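Enquirer: One-letter residues, chain by chain:
Protein chains: 6
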Amino acid sequence: MVNLTGQLKSEILVEALPYIRQFQGKRFVIKYGGSAMINDELKMNFVKQISLLKYVGIKPVIIHGGGIKITEMEEKLGKKAQFVKGLRVTDKETMDLVKMVLIGLINKEIVALFRSIDEDAVGISGKDGNLLYAEKIKMDDVDMGYIGEVKQVNSRLIEALEEKDFIPVIAPVAIGPDYEAYNINADLAAAGLAAGLHAEKLILLTDAPGVLKNKEDDTSIIPTINANQINELIRTGTADKGMIPKLTASVNALKQGVKKVHILDGRVENSIILEAFTDEGIGTEIVL
Amino acid sequence: MVNLTGQLKSEILVEALPYIRQFQGKRFVIKYGGSAMINDELKMNFVKQISLLKYVGIKPVIIHGGGIKITEMEEKLGKKAQFVKGLRVTDKETMDLVKMVLIGLINKEIVALFRSIDEDAVGISGKDGNLLYAEKIKMDDVDMGYIGEVKQVNSRLIEALEEKDFIPVIAPVAIGPDYEAYNINADLAAAGLAAGLHAEKLILLTDAPGVLKNKEDDTSIIPTINANQINELIRTGTADKGMIPKLTASVNALKQGVKKVHILDGRVENSIILEAFTDEGIGTEIVL
Amino acid sequence: MVNLTGQLKSEILVEALPYIRQFQGKRFVIKYGGSAMINDELKMNFVKQISLLKYVGIKPVIIHGGGIKITEMEEKLGKKAQFVKGLRVTDKETMDLVKMVLIGLINKEIVALFRSIDEDAVGISGKDGNLLYAEKIKMDDVDMGYIGEVKQVNSRLIEALEEKDFIPVIAPVAIGPDYEAYNINADLAAAGLAAGLHAEKLILLTDAPGVLKNKEDDTSIIPTINANQINELIRTGTADKGMIPKLTASVNALKQGVKKVHILDGRVENSIILEAFTDEGIGTEIVL
Amino acid sequence: MVNLTGQLKSEILVEALPYIRQFQGKRFVIKYGGSAMINDELKMNFVKQISLLKYVGIKPVIIHGGGIKITEMEEKLGKKAQFVKGLRVTDKETMDLVKMVLIGLINKEIVALFRSIDEDAVGISGKDGNLLYAEKIKMDDVDMGYIGEVKQVNSRLIEALEEKDFIPVIAPVAIGPDYEAYNINADLAAAGLAAGLHAEKLILLTDAPGVLKNKEDDTSIIPTINANQINELIRTGTADKGMIPKLTASVNALKQGVKKVHILDGRVENSIILEAFTDEGIGTEIVL
Amino acid sequence: MVNLTGQLKSEILVEALPYIRQFQGKRFVIKYGGSAMINDELKMNFVKQISLLKYVGIKPVIIHGGGIKITEMEEKLGKKAQFVKGLRVTDKETMDLVKMVLIGLINKEIVALFRSIDEDAVGISGKDGNLLYAEKIKMDDVDMGYIGEVKQVNSRLIEALEEKDFIPVIAPVAIGPDYEAYNINADLAAAGLAAGLHAEKLILLTDAPGVLKNKEDDTSIIPTINANQINELIRTGTADKGMIPKLTASVNALKQGVKKVHILDGRVENSIILEAFTDEGIGTEIVL
Amino acid sequence: MVNLTGQLKSEILVEALPYIRQFQGKRFVIKYGGSAMINDELKMNFVKQISLLKYVGIKPVIIHGGGIKITEMEEKLGKKAQFVKGLRVTDKETMDLVKMVLIGLINKEIVALFRSIDEDAVGISGKDGNLLYAEKIKMDDVDMGYIGEVKQVNSRLIEALEEKDFIPVIAPVAIGPDYEAYNINADLAAAGLAAGLHAEKLILLTDAPGVLKNKEDDTSIIPTINANQINELIRTGTADKGMIPKLTASVNALKQGVKKVHILDGRVENSIILEAFTDEGIGTEIVL
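Chains as they are written, first to last, in the working numbering: chain A, 1 to 288; chain B, 1 to 288; chain C, 1 to 288; chain D, 1 to 288; chain E, 1 to 288; chain F, 1 to 288.
Next comes chain A alone, as it looks inside the complex:
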């Protein structure tokens, strides 16, 4: 008789058919960061998931963070990272550090990871091909330096890469009106990119199981949340500080036409595939 596991495996593959059909030809913007970018097994698992997306006809676009490494490097150089409302104060010297770490190190490591499974990725920043145009974020009391927000997305380079089957891997550094580089919060960059690229899905990988009702209780995941409920969460202080920019960025992306946003646990293997191709719930789905 046929091996049961084999039977089960093939059954699961066939069950994925309606999802594959639904998403074929669509674009997914995926924010990559946290443990999924540190743990060796999770890293390997991430590139395999992305490769699978590509092989079943979906167009994945990766945008990554890297805040922890930047802070480490600052410390090494005797500087102290400074944050206002979760955004890094970025003077000229810090901006150079950001570029060096995000573009010079992290971005290329991701590309090499793809290469190790025989997949051709191309690492770019928002400056390349005029992909992300940003303007400085202005705050009342403090000069945030080279911190910007995405004002325009130019999809030409992404399309050129997709057309030839390259996976775009993007460092969240944009170009400003003065042709200077601007540091963009990776979640916000992902949301802006998803909107500008008319993505079907925006997926934010985090080091949390999803949006929680109770910060102390990892099992209190909210499976679906809408814009009003998000406002309430923020108002009541229930939302984790790190979660707030993700939530507001998500709502913005949805308002600009992205079909769905998901906050997934990047510490869990295969979470993207699970979300996209099975009817099991994982993480939090955000709706308008």
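In case anyone wonders, no lab produced these hints; they're calculated from the structure. Every value quoted in this text rests on a predicted model; they were computed, and no experiment measured them. There's no promise every hint is true.
Stated by the list, open to error - Derived lysine to any residue pairs resembling SDA-like cross-links, with alpha carbons at most 20 Å apart: (1) A/LYS80 to F/MET73; (2) D/LYS255 to D/ASN154; (3) C/LYS151 to B/ALA112.
Following the hints, put chains B, C, D, E and F in place on chain A, whose structure we already have.
Expert: What follows is chains B, C, D, E and F alone, placed relative to chain A:
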């Protein structure tokens, strides 16, 4: 925590990646028949498997049999089916029956089945677009009538259909030098077609678990068998009579460049997907 | 001196120029049936005419009937054909007979006929590629069974075949909402198809010289007739019973944008070419 | 009953099918001159024939002569035309006359004639698009002036015109190594062009019924003649002086790969169509 | 050290960059005539300028005059040229002369000139490819004969030539409603063509330094002039008689969408390049 | 009269025509570094030159160095740069520095510079799209660390970018067999890239006037040098140490099919344009 079943499912999907990559853009010729064409659940499962193949970038070409229904119809009309060496003696009237049953009934039922899962198939015979050209099989003592063997395959129509994402479903009736229809044994037609279309795989669905060492013991499956071993099986009478044409056709297809031939149990759900996308063994793989 | 006949021939060819120019790139839907489908010389002549249309740049689409053979087959099986308002009452068993005869026998014979003059045709039914979607015709007193009328035409398959120079030959069997096959009156199917394919011309081959003023007098052909005159003919009972569905179908096709409808005598050689490429009158032209 | 003439016409059209199939997509180079370029009815008939060739998928390329008009113009200007071995001695002033008459007058008249039947032709010379490169013909005793022979054909312009459905009409003036214009005998130019364009047929329209056995007897047409027989005709003086360059040019074209050469009577209506699309004989066919 | 001249040269090339960018992919219609068509150095310089335009991605379309040569030829033939309001009275015989000189001689000389620098031009008239359709100009008192004005431009032939990198060179002879040739004033033809081809620039080469304030003073060039100022110039008789048709044609072209019109001194080398690619002023620019 | 400077400018532009023609559609690999990457005016001048190359139809590919900045950064971090035979000993930590400085800083600054003149460049490394595959350079006595030499060039990404008019800007970091980054000497990377991309020209910008006969005398430029002469220069110690890798890399590139190599003075404005588009001599041309 994440649902374990979901985890498992996504893991299995990711594990399929190397197989999907390997077969993308390649053609599979699949001989469809037996229980998989009768049992309602197996029928549904068959079209879903084929649709999945198409959605992950493989080009499936279906060729079906239908002998049982022809025999039934013959009996209805008061005729008695007559076989020589496993081939149906096919006089003019029987040939009409063959065409009516294979092309008029069975072929279109398969097409409708695909439609029911929103998949566009196109049912054709070997006469259409000059797809299969056959010549009469000559035997010493008996006039077999309109029984032919494939002499030429013209891939133009198959390519036209594939290009526009239609799944070709073929009834094994060929056109002869006299522009008459010729009845072709479905296994032989599948092998000829696989060779002529430069298929990556030829898959023969049967109502047996594979090639058996011992006809009486369904667990005595031979996982891999080569041409010499096949000759030995035939010589010693170990091979089932119905299996012999499948085996010789398989060897012929391999000799003409088909990469692999598989004899799979059509009574088992998802057997094609299991064979193609997992490392579990199923049925018998035939090699040169 | 040059042979006179040769002179005459070439003169006639040159005279066809304006017609060829006018129709190049346009689609003709031709309903094939009656004597033209039985008599050997007329059959040969038919495929040559169609091939000529194709070679001068017109796109012919053939749809055929086959009622007589179905009735014959019913009798053979001891069933009695039953008609209501000219439509065959089609229970499940009869529907199988219809498919077997139309798709299994007649359709493939036409394809073989084209092959015999080295022309590649492809025989399909309305079920293939989701070409013809129909819904059941409901009558007040009687359950007509699987008799349908065309509700939607999907031109994708026809275009795929034309693009690669295959001539489509269609059996008038459609697919219904339940994925069952529906029998469509061939004249109505031709009209629906012509409308759905935005045909330039709909040509109905019949076994009559055209629409007659006087059923008893074959010379009383009406060269041109409009919708009002058709209503009058039907009202006064002047129209032949077999002619009525052709006439109403024609008017419907014209209302949906088909440029011209012609009822031609299929018993006369070259009638299609004569109508299309000369200024001689033949049969009846129907206008709004 | 159907009008007999209509019947006959359509029969003739259908009979042309095998010829249309045979020549579709092939190129015909046609040398236009003599009465067919003077008589109003023949002119009209010529452009219709060419248009018909185009509409049935053949690529006609026209090259014309014009010697008579040049001689007339020379006389008007008080010059006396001088010929050596059938070639016009062409000093600088004569060359200007040749260009003015061939390109300025005759070429554009042909283009306008096509326009009058709604056909877009483009009149060019061998200088345009570097179509015909020639070198001076050298004779022992006499300086022939700007008389050249074709050394190279550049098909790029012809292909550009054909691709957009323009009919090329060429004046036999080539460009030399000194960028000067060279007068080319139209028959020789046609043969060179046919060879350089890999034409299927070269057709030379003349004011004779074909090659004659007896110059005095217009009925003594030789239906087929080969290279050896041509040499014999020339040796024995049987060949008309005007016919000799046509014959040698024809043999050259055949040797360079043109499939067939025909010498047709341009005074007879429809002679090109008659030759190409009927099995009637006309004029002389030249073979290797 | 680097050669100073080389330095300067490369600096000038780099300075041309913004102009090249601005005009890449755009069409320039250039009226060629006067000294630039007579003087050997200017001729050579003209084709080099045009070739440069093509090589930096601009689409040049040349239309030429030739009045002087026509008058010379008329005199040679004992005819006297007659002008009304600057337009040549053109009877049938004169029209033949116009065609012979413009199309047969001048047009082909320009093509040969391009060939001498290895550039493939194609010489056509407005009759070819139905490029220029004209109607007769009617005057109250005098029958002007075959003098027409452009009523329609058909860009298909120009686009076919541009697509294959041929430079179109056009003789200003159009085709009329009677399929006769019509003589078009070259400036008016250029303006009509520029409008019909949606040109970016219309450049009129003249034998004057531009539009002058004072006819007697060659240094009194008006750098920019608008429609109102042109009317004033004409009203006060300040404008040179030869300049008036250029000016009114220019205004018409601008009104029909041509971006800019320039009247340049054809007696000055490189004037087109200077106008297009430097910020130096030359000639007169006409604006609405 | 026309302004003399304008005249001169346009003359120089026209003189560039033969060079533009010669190089249109060809690829130039340009190694960018030294003063041209530091001085603000030279930087601006560099991107303009490259943009001009692109606009006249040449395909520029930029590869840059950055050694000085790396050394600076090493010092900042308290490390001491160590060189063997002109190659930097590159341990893991240094390799990270190399990536940070070359890819994170310098590469993106060049891209921003292009953006400031409205030109879309894309900054990549040899790791992206599997562009440059390298293997470790092994020396007898010393472990050079992550210093590699190019073994394979994969042009797919460069072609994808060129096709959409993006200018590729490449940091000389390759991917090794262990998927690690390898530091490649920029001159050697440029030579390898030029060979692998079948470049027409390899241009090495340096801070020297060319190859010198006498290191002390900047006017002793050798205009053309061949492989044998290079060997002699190296043997006799005449060649500058920094020049040696450039020279040997150049000869290698030539041997692998690059048409020409030029060593140009990057301190001189417009030197690339001067070399490519004028007949003035600059720097040293290397031939086999």
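Enquirer: Evaluate each hint against the coordinates.
Expert: Do the hints match the structure? See the list:
1. A/LYS80 to F/MET73: The hint holds at about 19 Å.
2. D/LYS255 to D/ASN154: Measuring from Cα to Cα gives roughly 19 Å; hence the hint holds.
3. C/LYS151 to B/ALA112: holds, 17 Å
Comparing the model with each numbered hint stated earlier shows that all of them hold.
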